[in-house]
Amino acid sequence: KERFFREAESAGTLNHPNIVRIFDAGEEQDISYIAMELLDGHDLVRFTQKDQLLPMETAMEYVATVADALDYAHGQGIVHRDIKPANVMLLKDGTIRVADFGIARITGSSKTATGTVMGTPSYMSPEQVAGKKVDGRSDLFSLGVALFELLTGEKPFKGGEGIGTLLFQIANDPEPEPAEVNAAIPLCASSIIHRALMKNPDQRYQRGGQLAADLRACVAAMKRGGDLGAPAAEAPSVAAAQAAAPTPEEIAASIVAPAAEPAPAASLEAAATLLSLPPMEAPAGAPAPADLGLETLPSLPPMEPAPPALPELTLSALPPAGSAALPQAPPPVAFDPDKTVPAADFAGLFTPSGQPPEGSS
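Numbering (the numbering used here), first residue to last: 113 to 473.
No lab work stands behind these hints: they were computed from the structure.
Take the hints with a grain of salt, since some may be wrong.
Claimed, not checked - Derived CB-CB ranges, DEER-like:
hint, residue 1, residue 2, range
1, G337, G187, 18 to 28 Å
2, Q318, D136, 44 to 54 Å
3, K451, H128, 24 to 34 Å
4, R118, D142, 12 to 22 Å
5, R133, G337, 37 to 47 Å
6, G265, D152, 32 to 42 Å
7, R307, N127, 24 to 34 Å
8, E266, G138, 38 to 48 Å
9, E289, Q188, 27 to 37 Å
Unchecked claim - Derived pair list, reagent style SDA-like, types lysine to any residue, alpha-carbon separation capped at 25 Å:
hint, residue 1, residue 2
10, K335, E114
11, K451, D142
12, K245, Y184
13, K451, E139
14, K267, G189
15, K244, H306
16, K270, D285
17, K245, G153
18, K335, E139
19, K270, Q164
20, K267, D205
21, K267, E173
22, K311, N284
The beta-carbon is built from N, C-alpha and C at its ideal position, and this holds for glycine as well.
Use the sequences and the hints to build the structure in full.
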């Protein structure tokens with residue numbers, strides 16, 4: 113509780129036009145609370161639906177604004193830890209605000225321990241999944257997930273029935289190619305997403321300002337129609353390449369059998385000589401086949417009769433389904449990948465070896 117108030121107070125010191133202001137933090141009837149600025153607008157979740165995607169340049173500019181706000185917060189030593197479209201507000205005047213610094217953590221705090229997992233599963237970074245200490249680069253991974261979703265209408269890591277599968281994918285599996293989900297995504301945007309979603313934090317963007325600058329450069333190139341903004345969809349498709357390829361009949365017709373070289377005269381004379389040779393006769397004094405003793409070879413013993421057939425097995429000998437002899441696997445853990453969950457909900461669901469636990473998929 114002491115840490116809650118300490119970190120809420122620190123988040124309240126943030127003063128940025130794109131960060132929701134925190135006015136107070138307290139406790140009432142054993143319930144801790146944070147009083148924040150009242151906003152007139154809505155979050156970006158509605159724009160993650162395939163039929164409601166924002167114009168690509170607009171979505172990228174919104175994400176660049178969030179990256180700038182995070183760059184400021186990280187400079188103050190504060191990590192958000194729960195970046196997602198639901199925590200990015202679009203006000204009626206068009207302003208973007210990053211909300212819900214309620215689980216923000218001071219990166220320099222001596223009481224920031226490893227082994228604590230908190231956030232929204234679908235947007236967690238690999239280091240969050242592993243319960244490691246996080247810094248601002250973890251927020252930039254989460255922002256990369258949000259960018260992928262805002263441009264494609266899908267999440268890069270979808271998991272399965274259990275949360276363990278999702279966490280395993282985040283920690284180990286590469287994200288899909290964005291242009292394979294939405295062919296209109298420009299090449300520069302795909303490159304930005306891939307860099308933001310690197311598993312190794314050292315290979316990601318190190319600061320939000322770098323991510324924001326690349327996004328704005330990509331938007332500018334798209335508006336100019338430059339090479340940097342050329343959509344991947346303009347590349348020759350597989351179908352076009354297949355249509356241009358020659359058919360098997362054309363390939364076969366283009367293959368000309370090499371003409372046979374005329375045989376030399378000496379070879380023809382030798383062949384004629386061989387054909388005119390008389391049949392070979394046995395040399396004088398050679399024994400006849402009967403004198404070789406072939407008829408004295410022992411004959412093979414008769415085959416023994418086949419063994420009697422084995423009795424047929426019947427399914428009646430198997431124990432009925434659901435009996436004690438066949439234990440049933442426990443049902444998968446139910447979870448909402450888009451809901452912020454506390455650390456306790458992740459107990460035992462991720463192993464340091466990188467393997468999903470049994471019963472989690």
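Results of checking the hints against the structure:
Our hint of 18 to 28 Å for G337 and G187 is violated, since their Cβ atoms are close to 35 Å apart. Taking the beta carbon of each, Q318 and D136 are about 34 Å apart, not inside 44 to 54 Å as hinted. Checking the proposed 24 to 34 Å range against K451 and H128 shows it holds: the Cβ atoms sit about 27 Å from each other. The hinted range of 12 to 22 Å is satisfied by R118 and D142, whose Cβ atoms lie roughly 19 Å apart.
The beta-carbon spacing between R133 and G337, approximately 40 Å, falls within the hinted interval of 37 to 47 Å. Between G265 and D152 the beta carbons are some 26 Å apart, a value that contradicts the proposed interval 32 to 42 Å. Here the CB-CB span from R307 to N127 is close to 29 Å, well matched to the stated 24 to 34 Å. Range check, E266 to G138: Cβ separation about 40 Å, and the 38 to 48 Å hint holds.
With their beta carbons about 36 Å apart, E289 and Q188 fall inside the hinted range of 27 to 37 Å. With a C-alpha separation of about 50 Å, the suggested pairing of K335 with E114 is violated against the 25 Å cut-off. A C-alpha spacing of about 24 Å is found between K451 and D142, which places the hinted pair at or below 25 Å, so the restraint holds. For the given pair, K245 sits about 20 Å from Y184 by alpha-carbon distance, which is consistent with the 25 Å threshold.
For the suggested pair K451 and E139, the alpha carbons sit about 24 Å apart, so the restraint of at most 25 Å is met. For the hint pairing K267 with G189, the CA-to-CA distance comes to about 29 Å; that exceeds 25 Å, so the pair is violated. The straight-line distance between the Cα atoms of K244 and H306 is roughly 22 Å, inside the 25 Å bound, and the hint therefore holds. Restraint check: the Cα-Cα separation between K270 and D285 comes to about 11 Å, which is no more than 25 Å; the hinted pair holds.
For a cut-off of 25 Å, the pair hint linking K245 to G153 is broken: about 33 Å separates their Cα positions. Distance hint between K335 and E139 is unfulfilled; the C-alpha atoms sit about 51 Å from each other, more than 25 Å. Proposed proximity of K270 and Q164 is supported: the alpha carbons are some 20 Å apart, at most 25 Å. Taking the CA atoms of K267 and D205, the gap is near 28 Å; set against the 25 Å cutoff, the hint is violated.
For a cut-off of 25 Å, the pair hint linking K267 to E173 stands: about 19 Å separates their Cα positions. With a C-alpha separation of about 8 Å, the suggested pair K311 and N284 falls inside the 25 Å cut-off, and the hint holds.
Going down the numbered hints, you'll see the structure goes against 1, 2, 6, 10, 14, 17, 18 and 20, while the others check out.
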